[in-house]
Amino acid sequence: MGQRFWGWLFGIVLFAIFVFTAVSPYMGWGLPPKASSFSGEIDFLFYLILGVVAFFYVLTEALLVWNMCRFAHDPNRKSRFVHGNHRLEMLWTVIPGVLLFGLAVVQINAWAAIKYPTSLVQQFDAGRGEDYLQMEITTRQWEYRIRYASPDRMASWSDKSKAKHDFEQRLPPQRDDVFVVNDVHTWKGQKTLCYLRTRDVGHSFFVPAMRVKQDALPGRTIPLWFQPIESNTRRSGDVWLDGYREDGVQDSRFVWDLVCTQYCGTRHSLMRGKLYVHPTKEDYLAWLNAARADSNRTQPEKQAAATE
Amino acid sequence: MHAGRMQSPSVRRIALVVAALGLGLSLLPGCGNPDRYDASMTFPVRSDPLVATLISQTVPTHFNPPGHTPIDALKLPAPEVTHDTVELRNELGKNIFDPAELQPQRRGEYAQLLTEMFGTPAQPKVSGFDPAVLKKLDENLTPEKVIAGLKLDEATLAEGSKIYRHQCLHCHGLEGNGRGPTGFWVNPHPRDYRQGIYKFTSSGQALGERKPRREDLRHIIMTGIEGTSMPSFGMLSSTDIDHLVSYVTYLSFRGEAEYQTMLDILKNKGELSALQLTENVEKPTLKQSLQEWLAVLSFRWQAAEAAPIQPDPYPYGESEKDFLESAARGFQVFNSEGQGSCISCHKNYGREAPYSYDEWGTIVRPRNFYDGIHRGGKRPIDLYNRVWGGIKGVGMTSYDTTLRPNDDQKAKKVDPMWDVVNFIRALPYPELRAKLKEQHKVNID
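Protein sequence lines correspond, in order, to chains A and B. This note's numbering runs 56 ahead of the 1-based position in the first sequence. This note's numbering runs 99 ahead of the 1-based position in the second sequence.
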């Protein structure tokens with residue numbers, strides 16, 4: 057084996073990784089479609105950080121490969137050790153420090169808007185609770201059980217008299233609630249607020265298409281919100297199919313998965329649901345009323361059994 | 100110079116190790132066939148104790164500690180058992196029978212006959228019907244009709260077996276005994292299909308024989324069971340769930356044929372008794388007995404499919420006023436001695452419900468209606484079906500004869516059964532309880 061072999065091997069592999077990453081956004085291997093109101097901010101931050109990382113990746117790996125090729129074949133050459141060199145150590149501590157601080161400053165507004173519940177509370181206190189579609193998502197091993205409030209109660213959501221920080225009190229269980237397993241429904245343009253809870257261990261709520269990810273912690277109710285700016289659902293009779301762009305074209309990038317990203321037990325990998333974004337509020341209400349009719353069923357489903 | 104010469108072989112050695120590791124890892128996914136059971140694998144003959152009937156004489160004081168079902172705990176050494184287990188041992192030989200008493204020869208017979216009739220985990224089948232016995236139960240019933248009606252054909256079962264192995268095995272076990280590795284650590288323990296008893300059914304047969312309908316099993320797989328460890332399997336395709344329903348039915352057939360005949364042998368000190376279905380036989384062979392039971396099970400499962408509960412129409416309007424009036428009447432029925440008397444088991448509306456053993460020998464309590472979790476589903480129809488038909492295996496009786504409206508009530512558009520359902524539906528909500536108390540003088544807190 058030639059002495060330069062390892063240098064070349066490393067060089068080729070590292071360069072291939074760089075090329076692969078660089079072309080992936082143009083090949084459709086990158087982020088999911090820009091379907092969320094967060095897409096702009098989150099994607100900008102993603103590519104900004106990717107850019108910074110790419111710069112240092114190229115710098116350090118090129119140095120590594122150059123060194124391997126340049127010095128590997130000379131057995132008489134002695135290595136120079138830099139251990140204890142304060143100037144160098146300061147350099148590689150301060151530069152990343154400054155960069156990380158810069159990134160922290162750049163992302164702080166996005167973080168506040170997306171993650172910080174005070175902004176939600178403020179909107180509720182301003183009587184704008186009705187702006188949000190509210191639902192409670194109770195996770196457990198291994199499913200999301202989602203409680204939708206009846207549309208008759210939407211008006212009561214903006215009730216200012218409810219306790220300020222007590223999200224649970226805003227959405228107490230009611231007789232006419234609709235329960236659905238694993239399917240999150242909302243409509244295009246609607247701010248959607250989910251109260252995330254868990255019955256057992258830690259779980260997570262991650263919808264890549266909405267750029268939203270939040271862990272569920274035992275004993276806590278954690279609000280999270282997102283606003284879809286694209287729809288992905290088409291009605292076909294009494295069922296709603298996902299994976300359709302708004303112009304009616306089927307597109308696999310418009311199947312939006314909801315996945316658990318917090319290891320929660322043996323079936324963790326199978327804990328997943330789907331996000332259905334209806335084109336309009338009317339479509340959503342049609343779906344909700346169908347689901348509610350099923351929740352309030354007093355007679356067996358005859359047709360359903362016959363058509364299956 | 101010296102150091103340089105040393106380097107070259109060690110680099111080569113590292114390269115060799117890396118190459119060997121990589122090759123080994125790349126071959127690993129090819130080991131075994133992860134999709135299906137091994138073809139040579141057979142179902143074991145039942146060896147865990149059989150519970151004959153609902154154990155009512157012995158009453159547990161707590162839920163059992165995790166790690167063993169109460170029945171499996173019977174065999175634990177003395178220092179590990181709880182007071183409840185010691186008490187439960189009194190039922191051995193009366194209500195609980197240990198297959199260890201079976202002769203080894205019988206076990207061999209079981210292994211052979213059951214494999215002949217029901218195949219193996221990799222190649223499940225339902226065969227060995229005696230058409231004459233089937234005919235005796237129902238003129239029109241043939242083996243082909245059973246297979247087609249319950250979708251127990253080999254192709255469907257083979258698909259079901261694969262999905263079951265992947266999704267269900269780790270809790271419900273190889274034979275559907277509810278004793279998969281994780282099954283011991285969750286409470287309630289997973290359902291043991293081998294007794295042929297299912298809690299949440301919508302079939303209107305007599306309580307002793309009520310089997311689930313395919314629709315019931317499908318609904319449970321789709322939505323899961325709230326308040327237990329059974330999650331929703333809604334991410335499976337509709338066909339996959341259909342295959343699973345067939346495979347669960349199959350496991351139940353195999354398990355119950357084994358259970359019923361084995362119970363017979365253990366109760367009668369080695370002898371089998373005939374079900375009077377085979378001509379001119381008083382002391383049947385094991386094969387005849389298994390065939391008789393196969394016919395009986397086919398008949399019952401088929402009949403369940405054809406006899407869904409037909410609920411009386413919901414007589415009330417949509418408004419909250421109607422609902423609360425109905426719930427207030429339901430409160431009376433719930434508490435009255437003669438009619439519902441639900442309160443005698445659901446003590447203090449379930450908040451002080453007593454522990455008891457069920458027909459699988461696991462521990463249950465009547466539902467606490469204040470927590471709003473209804474395992475068999477919280478839709479009105481689900482609750483209605485349970486009041487109508489009871490819950491099998493746990494001692495909840497059926498109320499179809501006592502609570503359905505008589506002609507007088509029908510004329511007045513009042514239905515005691517729906518009243519009870521509405522009362523149960525109102526109980527979890529403090530707001531509705533307050534309204535019942537204020538507006539309808541219902542004495543609850």
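Since the hints were made in silico from the structure, they are not lab data. Just so you know, not all the hints are guaranteed correct.
Which chain B residues stay away from chain A? Per the calculated CB distances, all over 10 Å, these [claimed, not checked]:
hint : residue
1    : L175
2    : V180
3    : A231
4    : E238
5    : H269
6    : E314
7    : E325
8    : S331
9    : V395
10   : P410
11   : P479
12   : I480
13   : E530
Heads up, simulated EDC-like pairs for lysine to aspartate or glutamate below, C-alpha to C-alpha not over 16 Å straight-line [what the hints assert, rightly or not]:
hint : chain 1 : residue 1 : chain 2 : residue 2
14   : B       : K477      : A       : D187
15   : B       : K174      : B       : D137
16   : B       : K509      : B       : D411
17   : A       : K244      : A       : D303
18   : B       : K420      : A       : D313
19   : B       : K477      : A       : D232
20   : B       : K534      : B       : D411
21   : B       : K536      : B       : D411
22   : B       : K446      : B       : D544
23   : B       : K477      : A       : D303
24   : A       : K337      : A       : D187
25   : B       : K420      : B       : D252
All C-beta atoms, glycine included, are put in the ideal place defined by N, C-alpha and C.
Against the structure, the hints:
Every beta carbon of chain A lies more than 10 Å from that of L175/B, the smallest distance being close to 26 Å; the non-interface claim holds. No Cβ of chain A approaches the Cβ of V180/B within 10 Å, the least distance being about 28 Å, so the stated non-interface status holds. The claim that A231/B is not at the interface with chain A holds, since no C-beta of that chain comes within 10 Å of its own (minimum 32 Å). Listed as outside the interface, E238/B is consistent with that label: its C-beta sits roughly 26 Å from the nearest C-beta of chain A, beyond the 10 Å cut-off.
Not every CB of chain A lies more than 10 Å from the CB of H269/B, the least distance being 7 Å, so the non-interface label is violated. Distance check on E314/B: its Cβ comes as close as 6 Å (rounded) to a Cβ of chain A, failing to clear the 10 Å threshold; non-interface status is violated. The claim that E325/B lies off the interface is violated: its Cβ sits roughly 7 Å from the closest Cβ of chain A, which falls inside the 10 Å cut-off. For S331/B, the requirement that its beta carbon stay farther than 10 Å from each beta carbon of chain A is not met, with the minimum near 4 Å.
Once the 10 Å rule is applied to beta carbons, V395/B is consistent with being away from chain A; the minimum gap is 25 Å. For P410/B, the shortest C-beta to C-beta distance to chain A comes to about 6 Å, within the 10 Å cut-off, and the non-interface label is violated. Its beta-carbon lying about 5 Å from the closest one in chain A, P479/B breaks the requirement of being farther than 10 Å from that chain. Interface exclusion of I480/B from chain A breaks down, the closest Cβ pair being 5 Å apart, not more than 10 Å.
At the 10 Å boundary, the C-beta of E530/B falls inside the reach of chain A, the nearest C-beta of that chain being 8 Å off. With a C-alpha separation of about 30 Å, the suggested pair K477/B and D187/A falls outside the 16 Å cut-off, and the hint is violated. Proposed proximity of K174/B and D137/B is contradicted: the alpha carbons are some 30 Å apart, above 16 Å. Distance hint between K509/B and D411/B is fulfilled; the C-alpha atoms sit about 10 Å from each other, no more than 16 Å.
The suggested pairing of K244/A with D303/A holds, with an alpha-carbon distance near 14 Å, which does not exceed 16 Å. Using a Cα cut-off of 16 Å, the hinted pair K420/B and D313/A is violated, with the two alpha carbons roughly 41 Å apart. Annotation: proposed proximity of K477/B to D232/A holds, straight-line Cα distance about 11 Å (limit 16 Å). Of the pairs offered as hints, the one joining K534/B and D411/B is violated, with about 27 Å between alpha carbons and a cut-off of 16 Å exceeded.
Among the hinted pairs, K536/B with D411/B is inconsistent with the structure: their alpha-carbon atoms are about 28 Å apart, more than 16 Å. For the suggested pair K446/B and D544/B, the alpha carbons sit about 14 Å apart, so the restraint of at most 16 Å is met. Straight-line distance between C-alpha atoms of K477/B and D303/A comes to about 38 Å, which puts the hinted pair past the 16 Å bound. Note on K337/A and D187/A: the hinted pairing holds, with a Cα-Cα distance of about 12 Å set against a maximum of 16 Å.
Restraint check: the Cα-Cα separation between K420/B and D252/B comes to about 52 Å, which exceeds 16 Å; the hinted pair is violated.
Hint compliance for this structure: hints 5, 6, 7, 8, 10, 11, 12, 13, 14, 15, 18, 20, 21, 23, 25 are broken, all remaining hints hold.
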